[in-house]
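Asks: Residues per chain are reported as follows:
Protein chains: 2
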Amino acid sequence: MTARFDVTAVGNAIVDVIARCEDSFLTVEGLTKGSMQLVSQDFGASLYTRMGQAVETSGGSAGNTMAGIASLGGRAAFIGKVADDQLGEIFAHDIQAIGVHFDVAPLIGGPSSGRSLINVTPDGQRTMCTFLGAANELVADDIEPALIEQAAVVYLEGYLFDLAEARRAFAKASGLARANGRTIAFTLSDSFMVDRHRGALREFLRTQVDLVFANEDEVKSLYETDFDSAVRTLGGEVKLAAVTRGAAGSMVIAAGETFSVPAAPIEKVVDTTGAGDQYAAGFLFGLAQGRPLEICAKLGGVAAAEVISHVGPRPQVSLKDLAAASGL
Amino acid sequence: MTARFDVTAVGNAIVDVIARCEDSFLTVEGLTKGSMQLVSQDFGASLYTRMGQAVETSGGSAGNTMAGIASLGGRAAFIGKVADDQLGEIFAHDIQAIGVHFDVAPLIGGPSSGRSLINVTPDGQRTMCTFLGAANELVADDIEPALIEQAAVVYLEGYLFDLAEARRAFAKASGLARANGRTIAFTLSDSFMVDRHRGALREFLRTQVDLVFANEDEVKSLYETDFDSAVRTLGGEVKLAAVTRGAAGSMVIAAGETFSVPAAPIEKVVDTTGAGDQYAAGFLFGLAQGRPLEICAKLGGVAAAEVISHVGPRPQVSLKDLAAASGL
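Residue numbers (the working numbering), protein chains in the order written: chain V, 3 to 330; chain E, 3 to 330.
Hints are supplied without guarantee of correctness; some may be wrong.
Said to hold, decoys possible - Selected chain E positions facing chain V (Cβ under 7 Å, derived; list incomplete):
{"no.": "1", "residue": "G54"}
{"no.": "2", "residue": "T59"}
{"no.": "3", "residue": "G177"}
{"no.": "4", "residue": "L178"}
Hints in this document: simulated from the structure, not taken from any laboratory. Glycine included, each C-beta is placed from N, C-alpha and C at the ideal position.
Given only the sequences and the hints, what does the whole structure look like? Please build it.
Replies: What follows is the structure, given as C-alpha cells:
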C-alpha cells in the first residue's frame, strides 16, 4: 500500500521553557549536566522560580523530529497528548503550522500540558527537567490505526518507555506497523532512560524494532560496555542503526557493515537541544525517499547543524533549502 | 527623598507570539506592515491559525523597557495586569527573573492574559496584532502609590492611551509622581495610537510629562507636520525629548537645544521588535544615573542594537556588559 505519510511518530507532547544559566546554577540545583530527568509539578514549579527569563517553544523529541521532516518537505504525523490549556494550544498550533498532521484530542480535566524546563549553559549543553503532565496520559486508544498503517515508517520516542500506559500504546503501534509491513524506528532518547529499562529495552529492540537511533552514551549504557563493542552488539540485534557522536558526526550500521559520516560544519554551538531529534529527521526523511544510507546520514547532519546554531529545538529555516544548498 | 527604584513603569503586560512570514502574508491578511493594531480575541485566534510556528516570549513595550533597565544594572518596577493563567505565569516569571519588581495581583475570572501576535518579515520589520485581554483591565487601584513615590522616573506606555480605565491609572500615577517631585516620562508607542488621540495626547504631554520618547512617524503624526517642524514643536512643549530614527540613530531635544547621536553598529537586523523599548531603557538608565544626555542616547543605541540582532523583544545578554564594552 502506498504510504500517506513518510513517518508517523508517537512521543511526548511538550512545550520547552528555555533559559540560559551558568554551570554553577546546575551545581546549586543538583542537576546533572546534559541529562533529562522527569520531575513532579511541584519540583518543576520550584525550579522555575529560580530560572532566568525564558522563551517558550514547542518541543518534545519526536515532535521536533516530525517538524524537521515537514521542514525537509516530507509528510509527517504526530501522536501525543496535550491538555486543554494555553500551552497545549501552542503545541498544537506550532506542529500543525509546519504541516505535520496532529489531531489527538486534548485532555480535559486532568493535569496541564507537559513542559520541559531547559537550562542551557554557556557551552550550549542543555539540561532538562520535564514535567510530563498531560503527555503522561497518552493511552493505546490515542493511537489512531490509520495513522500507523499509512506511514512508511513508524517512529517511537524512547522517553515513553518510562510510562506503562505509553508502552501499551507502543505495543499497539508496533503491532499495527508490523501487520502492514511498515518500518519501525525507535530512538533511545536518553542514557538514564536506558539505564532504567535496559532489559526490557533490549528485548523490545530485538523483537519489534528495525531501525535504532542512539548517541554514544545511550548505546554504551544499553550494552554496558565500551563504544566499539556496543555498536557491534547493536548491529547484530537490529537491521539498521544510526549512532550520533556530536562533533565527530555519525556512524551507520547496516547488515553488519559500518561506516562513518562527518558532522556538517557549524560556526558556533548555541544550544544543543534537539540535535539528535533533527538528525533523526534528516535520516528518516532520506530513508522514506529511498535515498542511500550515506545520504540519509548526511541529511541528518545538515538538519542537526541548523538546530544547534540557535536557541530552540526546531528548525528556523527551511531544511529543504538547506539540504539543497548542501548538494543533497 | 532617595529613590528606591530608578524607574517604575505602567504598561500593558503582554506575551509575544513571534512567527516569521513573507510580505505576501501581510497583504493577504490585510495587515499594515510595521503597525500595531488591537484585535479581538476571535480575530486573534483566527489569525493565529494561519501564522507559522512561533516562539513565545514575555513582551509589552514598557515591560521590555524595565527588563532592559534591569539588564543594565538598574532598579526597575513594573505595573501591568495579567490573568491567572499559563501566559500570565510566564510574564510574571520572566520579569521577576531579570530582577524587576512586579507584584500586581493577577486577574481572576476575566479574560485571559494579553498576547501580541507578531509577524516578522524577512527585512526584520514586525507587524503586531495585540489582544489585550487582562491587560485591558488595569485600573487606578493597581497603581501602588509607594512604587510611584519611590521611583526617580515614572514611565508611562503610550499604548495605554487607548484605554479609558488605564488613563485614570495614568492620571493617578502622574499626580503621585508630580507630588513627589519625580520625573514623568512617556512614550508615544505607535503613530496610529497618536492619530487616534492627538488632541488629548498633546494636552497630556504639555501638562503632565517631562520627557517624551518618540520615533519619526509618531512625532510627525502628533503635530501633523514635517519632521523638523514637529521636533521643534515638541521641544517647545516638554523639557526633554528623545526621537529615534532607526539606522540614522537618535535626536535629543533639551531646553531648545538639539543634537544627534549615531546608531550603534549592527551586522544584521533580525527582528526590530523592542528596538524603541530598549532605546528608552538605555536612555532612562543613563538619566537615573545622572549621566550626560549624549551618554543616555548612546546607552539607548547600544541597548537597541542588541535587541534587533535576535528574535525577541528583550535583551539576551547583559546590557551592563555590553555598555561597558562600548566604553559607556
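Asks: Could you run down the list of hints and mark each one as holding or not?
Replies: Now for the hints, and whether the structure bears them out:
Interface hint status for E:G54: upheld, as the beta-carbon distance to the closest one in chain V is roughly 5 Å, under 7 Å. Of the supplied interface hints, the one on E:T59 holds, with its beta-carbon coming within about 5 Å of a beta-carbon of chain V, less than 7 Å. Among the interface hints, the one on E:G177 is violated; its C-beta lies about 32 Å from the nearest C-beta in chain V, farther than the 7 Å criterion. Taking 7 Å as the C-beta cut-off, the interface hint given for E:L178 is violated, the closest approach to chain V being about 29 Å.
Taken one by one, the earlier hints fail for this structure at numbers 3 and 4, listed in ascending order.
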